[in-house]
Amino acid sequence: MSEQVYWEDVTEGMGLPPLVKHPTTRQLVQYAGASGDFYEIHYDQDFARSTGLDGVILHGALKNAFLGQLVTQWMGPQGSLKRLACQYRGMDFPGKPITGRGTVTGKHQRDGQFLVNCDIWLENSQGQKTTPGSATVALPSRSTLSGA
Amino acid sequence: MPTPTSFLTEAMRRQAVGRKGPAVTVAVEKGAIQAFARAIGDANPLFNDEAAARRSRHGGLVAPPTFLRSVGSTRPELPFEVPFTRLLDGGSDWEYFEPVRPGDRITSASQITDIAERTGRMGLMLFMTILITYRNQFDQMVATQTSTTIRY
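The listed protein sequences correspond, in order, to chains A and B. Read left to right, the first sequence gives residues 2 to 149 (my numbering). Read left to right, the second sequence gives residues 358 to 509 (my numbering).
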């Protein structure tokens, strides 16, 4: 498990550690089973093509999950995810790696919580942001660590 | 298939907004959380490893953020026929309030909060915004999901 990040350690403009994913058709089937989303454009090539697509595409929800992973692995076990938003602007295909990235856009305290806002996104190997989004996490603070 | 240039009227919009889907309650199984984490390829011990998760501040396994996709929430039916056969997920905006744990009973309920049409790359498109609320067995709000569905 990665080291815990504290609110004081975070600065605006800081990057989140990237997350590289290698989705496969096998993963799309596995995700269909785990989520209950059996829409055929995610595992039936003929069906996908009949709707005008080039082939099966990743579930938007799976890309949402990758962004969740990007943020939760960064915030560490003591972090708490408050908000996770994304838009599906471009399609992603199995067999093509995609990379999750993020940047800290601000930090503030509210109701005793130490909050950090981030821009997050998935980009394809051409560097196109197919899935932009944002997230808010609460992090532990060093100020409440000892002698509290 | 020829697509119309306009479809949605103000009367239809008023008819659609506020429509609810039936509430559904599902018991969350530990194995389902672990299977979901495997499916998304997330090896975080908090979602996978009971012994490691027990030593965390959660005191046991918790679900990954988008696990709530798997609890069978329904979508409200539109009160009219639409001339579109294709469907795309536009995006989601989640707010989280409580962790989801094995043994929880999660009740999801959905409601149409907005509907609009726009002409895009693929012709006329219908954008429907749905709010899904997820509550646990203690009647705590666990999460809300605002989701956009595109019909075209």
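For the record, the hints were derived by calculation from the structure and aren't laboratory data. Quick caveat, the model's predicted, so the values are computed rather than measured. There's no promise every hint is true.
What the hints assert, rightly or not - Stretches of chain B that chain A covers, calculated by requiring three or more beta carbons in the stretch to come under 8 angstroms of a beta carbon on chain A:
1. 465-478
2. 486-500
Unchecked claim - So these bits of chain B aren't anywhere near chain A, every CB distance computed over 12 angstroms:
3. 364
4. 371
5. 377
6. 379
7. 389
8. 396
9. 404
10. 415
11. 434
12. 462
13. 505
All C-beta atoms, glycine included, are put in the ideal place defined by N, C-alpha and C.
Hint-by-hint comparison with the structure:
For the region 465-478 of chain B, the stated coverage by chain A is not satisfied: 0 residues place a CB nearer than 8 angstroms to a CB of that chain, which falls below the threshold of 3. Note: the region 486-500 of chain B has 0 residues with beta-carbon separation from chain A under 8 angstroms; the three-residue rule is not met and the coverage is violated. Distance check for residue 364 of chain B against chain A: the nearest CB is about 20 angstroms away, which clears 12 angstroms, and the non-interface claim stands. The Cβ of residue 371 of chain B sits about 26 angstroms from the closest Cβ of chain A, beyond the 12 angstroms cut-off, so the non-interface label holds.
With a closest Cβ-Cβ approach of about 20 angstroms to chain A, residue 377 of chain B is found to remain outside the 12 angstroms limit, as its non-interface label requires. Residue-level check passed: residue 379 of chain B sits 16 angstroms from the nearest beta carbon of chain A, beyond 12 angstroms. A cut-off of 12 angstroms between C-beta atoms contradicts the statement that residue 389 of chain B is not in contact with chain A; the least separation is 8 angstroms. Chain A draws residue 396 of chain B into its interface by the beta-carbon criterion, the shortest separation being 4 angstroms against a cut-off of 12 angstroms.
Residue placement check: residue 404 of chain B does not keep its beta carbon more than 12 angstroms from all beta carbons of chain A (closest about 9 angstroms). A beta-carbon of chain A comes within 12 angstroms of the beta-carbon of residue 415 of chain B; the shortest separation is about 8 angstroms. Taking the minimum C-beta to C-beta distance to chain A, about 17 angstroms, the non-interface status of residue 434 of chain B holds against the 12 angstroms cut. At roughly 17 angstroms from the closest C-beta of chain A, the C-beta of residue 462 of chain B stays outside 12 angstroms, upholding its exclusion from the interface.
Against chain A, the non-interface label of residue 505 of chain B is violated: not every CB pair exceeds 12 angstroms, the least being about 8 angstroms.
Hint check: violations occur at hints 1, 2, 7, 8, 9, 10 and 13; the rest are consistent with the structure.
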